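Participant: For the protein sequence lines, the chains are L and U, in the order given.
Numbering of the first sequence is given in the numbering used here, commencing with residue 189 and proceeding in unit increments.
Numbering of the second sequence is given in the numbering used here, commencing with residue 2 and proceeding in unit increments.
Take the hints with a grain of salt, since some may be wrong.
What the hints assert, rightly or not - Heads up, incomplete: computed chain U residues facing chain L, CB under 10 Å, no partners named:
| no. | residue |
| --- | --- |
| 1 | K35 |
| 2 | A67 |
| 3 | P74 |
| 4 | C128 |
| 5 | F131 |
| 6 | Y168 |
Hints were generated in silico from the structure; no laboratory data involved.
Predicted, not measured: the structure shown is a model, and the values here were computed from it.
Heads up, the beta-carbon is just placed ideally off N, CA and C, and yes, glycines get one too.
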Amino acid sequence: MEATHALDHGHDHGPTTGLMRWVKSTNHKDIGTMYLWFAFIMLFAGGCLALLIRAELFQPGLQIVQPEFFNQLTTLHGLIMVFGAIMPAFVGFANWQVPMMIGAPDMAFPRMNNWSFWLLPVAGGMLIASFFVPGGASAGGWTMYPPLFLQGGISNDMTIFAVHILGVSSIMGAINIVTTILNMRAPGMTLMKMPLFVWTWLITAYLLIAVMPVLAGAVTMLLTDRHFGTHFFNAAGGGDPVMFQHIFWFFGHPEVYIMILPAFGIVSQIIPAFARKPLFGYASMVYATASIAILSFIVWAHHMFTTGMPTSAQLFFMYATMLIAVPTGVKVFNWVATMWRGSMTFETPMLFAIGFVCLFTIGGFTGLVLAITPVDIQLQDTYYVVAHFHYVLVSGALYAIFAGVYFWLPKWTGHMYDEKLGKWHFWLSTIFFNILFFPMHFLGLAGMPRRIPDYALQFADFNAMATVGAFGFGLSQLILLVVVLKCIKGGEKAAGHTWEGAESLEWTHLSSPPPYHSFVIPPNVK
Amino acid sequence: MADAQQQNTTVLKKLIIVTVLMFGFGFLLVPFYKKICEVTGISKDKITVSNTQMDPARWVSIEFDANVGKDLPWKFEPMTARLRVHPGELKQVMYRVVNTTNRTIVGQAIPSYGPMRAGGFFKKIECFCFSEQTLKPGEEKFMPVQFVIQNDLPKDVHTITLSYTFYEQVKAGNAS
């Protein structure tokens with residue numbers, strides 16, 4: 189614990205130079221930056237896989253890849269985007285923002301923070317390397333269902349280990365965040381005064397601690413089934429493959445809220461800042477977040493309506509799932525009410541935040557449609573499901589990440605980003621996003637199955653459209669890369685209080701960029 | 002500040018305990034799941050024939066299917082592909098299995114039903130799937146299945162597919 193002594197004495201030294209600054213860093217800002225860059229790189233890696241998928245689906249028939257490889261692409265696209273891009277990006281935000289927003293000098297366990305980051309490149313590298321082992325990467329879908337996952341080659345073992353490592357990293361990150369928020373708030377910063385981003389991360393971190401170990405258990409069972417003669421999921425030995433789905437989704441459903449609650453938090457910071465009004469219904473936002481988290485534990489079987497559950501169980505999970513729409517609706521209405529009669533301006537962060545509210549709500553509605561058991565039995569494993577979860581994960585989680593990046597880039601780098609390029613990025617992304625994913629609703633309703641490299645002729649037009657949208661959307665993300673690089677290199681100096689409507693501590697108390705060690709002396713919060 | 006350090010460590014310890022407990026909870030879901038299946042009757046291990054009264058007015062088609070699991074070099078087929086029965090009627094069909102290798106192999110057949118909910122009404126009196134089957138090199142075996150379709154089979158079920166898959170029994174062992 190010597191690492192934290194530096195904080196005690198409050199040396200105001202800058203970072204050491206060179207590569208070792210990053211390798212050995214225990215500074216929350218450095219680690220946050222590394223998390224965000226890692227997520228950005230993984231976003232492009234997962235995006236390239238997605239573009240290969242869409243290229244193959246441009247026309248019916250097999251043109252570019254073989255079915256075996258296509259299955260590897262869908263599997264790894266899912267794993268990389270979920271565990272490599274979205275989750276690390278949010279942890280990156282937490283690292284940068286949580287200490288600054290609560291007036292803490294750093295995270296509670298700076299060395300553990302360093303460790304939890306450096307596990308990520310190992311796991312990410314292992315996932316990508318699995319493409320190059322005999323038999324290719326895992327091809328049974330990102331959900332790793334047995335019996336398929338019990339068969340297959342060494343890449344499945346690599347995937348299992350990668351998931352283990354990612355799990356350890358997430359749990360350490362979550363423990364760090366919980367401890368920081370509970371113990372290191374500035375005097376006067378009571379729980380109900382915390383910015384909503386901090387609240388959503390506190391709840392997300394608890395979710396992570398609760399369910400990542402369950403995922404670790406599930407993949408451990410897969411591993412022992414594969415190599416050590418157990419029969420958890422092996423029908424020949426008295427096991428049951430459906431049981432894996434129950435355990436996996438007990439993790440998997442809270443996981444989807446792990447990926448969206450921090451997004452709610454970011455949007456709840458941005459909308460009041462650009463509407464120049466305090467957030468409408470702060471307390472109800474906190475309670476809504478908590479109820480979503482609690483409800484997320486009792487809805488998992490809506491992912492498995494077609495596995496042959498008793499009707500009573502189907503009904504329970506259907507109604508429980510629909511119940512989640514209530515707190516989520518509270519949030520959406522609160523955001524709209526915050527904007528109501530506000531003095532709104534539409535800088536890029538606000539555009540992405542409004543885009544989030546509109547498009548995420550569409551994804552929420554299709555989720556409600558899929559929650560209806562008889563409809564779900566019809567739409568299970570079709571492109572309707574693909575459309576649904578991309579609306580909540582791309583225009584939900586990813587848009588919130590974009591919004592947050594634009595919002596805090598001036599704070600992080602000390603320079604204003606290029607507003608013009610930012611607007612281009614937003615509009616091109618939003619247009620191409622809808623060209624890409626909206627037709628998938630129709631494809632799914634018409635019965636096109638997901639995860640299949642070929643399709644019937646009547647699906648050709650919408651698929652061609654989606655592929656055009658995919659390349660447009662993918663290429664638009666290069667604009668963000670340019671914006672970020674330009675902003676790091678220089679540009680107009682950003683004021684400490686960059687957005688005059690923003691009221692959390694990092695804006696009101698710190699310069700842009702903030703000193704390497706900020707809040708060595710805790711601020712007084714009124 | 003040393004005090005703050007102490008507080009942080011306390012929270013860390015508590016959260017690590019939660020993590021370990023949740024890891025254990027994942028494994029606890031296994032027996033929990035088995036119990037739920039037993040209590041709700043989803044599991045079809047128990048065989049009780051409640052009513053053997055035949056219903057001559059009603060016909061149900063039974064289709065027989067046979068598969069072998071991955072890497073099991075056995076030939077396995079039903080001698081009757083399709084049969085029409087009355088609910089409550091006792092019937093017997095034969096399956097043929099041949100070990101095409103030159104080693105002795107122990108196999109276990111696992112049944113499944115289509116539609117799945119019909120499984121609960123498909124009562125077997127005698128079946129080769131009740132126990133492991135050992136086949137010597139090149140051995141051929143004819144094995145019976147005796148069954149009754151229960152009278153309370155839902156009215157909308159007209160066809161039931163009974164499908165067996167033989168798996169090689171590698172090691173004796175059980176999940177639970």
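Participant: Confirm or reject each hint.
Facilitator: Hints, verified against the model:
1. Annotation: K35/U was flagged as interfacial toward chain L, and the flag holds, the nearest CB pair being 8 Å apart, inside 10 Å.
2. Checking A67/U against chain L by beta carbon gives a least distance of about 15 Å; that is not within 10 Å, so the hint is violated.
3. Because the beta carbon of P74/U sits about 15 Å from the nearest beta carbon in chain L, more than 10 Å, this interface hint is broken.
4. Restraint check, C128/U versus chain L: the minimum CB separation of about 16 Å is more than 10 Å; hint violated.
5. The interface hint given for F131/U is broken, as the beta carbon of that residue sits about 14 Å from the closest beta carbon of chain L, more than 10 Å.
6. With 10 Å as the threshold, the beta carbon of Y168/U comes within range of chain L, its nearest partner Cβ sitting at about 3 Å, so the hint holds.
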